[in-house]
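1 is the number of the first residue of the sequence shown in the numbering used here; add one for each residue after it.
Hints listed in this document are in silico derivations from the structure and should not be mistaken for laboratory results.
Note that the structure is a prediction, hence the values are computed from the model and not measured.
The beta carbon of each residue, even a glycine, is placed where N, CA and C say it ideally should be.
Treat the hints with care, since some could be wrong.
In silico DSS-like cross-links for lysine-lysine, where the CA-CA straight-line distance does not exceed 30 Å [claimed, not checked]:
no. : residue 1 : residue 2
1   : 69        : 132
2   : 272       : 121
3   : 130       : 21
4   : 272       : 148
5   : 69        : 130
6   : 148       : 121
7   : 272       : 69
8   : 272       : 132
9   : 32        : 148
10  : 21        : 121
11  : 2         : 121
12  : 69        : 32
13  : 148       : 132
14  : 121       : 69
15  : 69        : 148
16  : 148       : 130
17  : 21        : 69
18  : 32        : 21
19  : 2         : 32
20  : 272       : 130
21  : 121       : 132
The following label-pair restraints were derived from C-beta to C-beta distances [as the list claims (entries may be wrong)]:
no. : residue 1 : residue 2 : range
22  : 231       : 125       : 15 to 21 Å
23  : 6         : 26        : 17 to 23 Å
24  : 264       : 6         : 26 to 32 Å
25  : 113       : 193       : 34 to 40 Å
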Amino acid sequence: MKPVNAGQVVVRATASHRGRKLSVTPADSPMKRLHYGRILLDGTTPEARFETSGREVGLLCMAGECAVKVNGGEVIALGQYDALYVPRGSAVEVRTSSAVDLVECGAEVEGDYPLQVVRYKDVEQNPSLKFKAGGDATTRELSILLGKNVQAGRIVAGFTRSAPGHWTSWPPHEHTDLLEEMYVYFDMPPPAFGVQLVYTAPEAPEVVTVVRDGDAVLMPAGYHPNVAAPGHSINFVWLMAAHREREDRVFGVVNVQPEFAQRGSGLEASLK
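With these hints in hand, go ahead and build the complete structure from the sequences.
Printed below as a string of structure tokens:
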């Protein structure tokens, strides 16, 4: 694995604006495929419009509610933890009558895939899309919003919530040959914080950083465990982009750091 450049992979306060803002693209980061943005709307900024161009785009509703139109079609209502897959070459309109927080992920694709709505109530009923993982000090709950339940070329997305003070992404794993990834931390009001590591060589981690609500850490390569502060959870949206379109778009296929590989990856439920 190529070492990670620590100065290029930590992006702070990505949820401190109103409207739509892209915080990570291949043009301004070490990511080869993955785009990340945030759409934050309320009474003062109730709508946002954009074009997907050559990218497939996923919209994850992390709080609030909104109405989305794609290419002027029917209104699609999204509530908390619902998601929407938007094909490349689409015009998107997002409106809210209250407030909404959307995480936007995207990647350039060559194929055409259909517009798809993911309802969180359906995710909750599927034990391979929502499940608990970990042990005594590594308990967390994963929700896969854009995974095998969606036809797509490259993007995979969902979120993880830890038990207070616990580690996640444990045992340490990496999937550099298949996917690049990033974490965006959410629902961690002050004084909550976590510590994120990213490393290609265990004896010399390239990244050891405190993370708070709205921060993002990019993982173009490397193992990436993290830990929550005692009494608080570390919660993060994880966004991935496959290197080879469709062929590498898998979740749960990882290489566990050999020293910790005795008990598997903790992600086995997603493969059922």
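Tested hints:
| no. | hint | in the structure |
| --- | --- | --- |
| 1 | 69 - 132 | 34 Å, violated |
| 2 | 272 - 121 | 19 Å, holds |
| 3 | 130 - 21 | 29 Å, holds |
| 4 | 272 - 148 | 11 Å, holds |
| 5 | 69 - 130 | 28 Å, holds |
| 6 | 148 - 121 | 16 Å, holds |
| 7 | 272 - 69 | 34 Å, violated |
| 8 | 272 - 132 | 14 Å, holds |
| 9 | 32 - 148 | 22 Å, holds |
| 10 | 21 - 121 | 28 Å, holds |
| 11 | 2 - 121 | 40 Å, violated |
| 12 | 69 - 32 | 29 Å, holds |
| 13 | 148 - 132 | 18 Å, holds |
| 14 | 121 - 69 | 21 Å, holds |
| 15 | 69 - 148 | 24 Å, holds |
| 16 | 148 - 130 | 12 Å, holds |
| 17 | 21 - 69 | 19 Å, holds |
| 18 | 32 - 21 | 19 Å, holds |
| 19 | 2 - 32 | 14 Å, holds |
| 20 | 272 - 130 | 12 Å, holds |
| 21 | 121 - 132 | 17 Å, holds |
| 22 | 231 - 125: 15 to 21 Å | 31 Å, violated |
| 23 | 6 - 26: 17 to 23 Å | 19 Å, holds |
| 24 | 264 - 6: 26 to 32 Å | 29 Å, holds |
| 25 | 113 - 193: 34 to 40 Å | 37 Å, holds |
The structure fails hints 1, 7, 11 and 22 (numbered hints given earlier, in ascending order).
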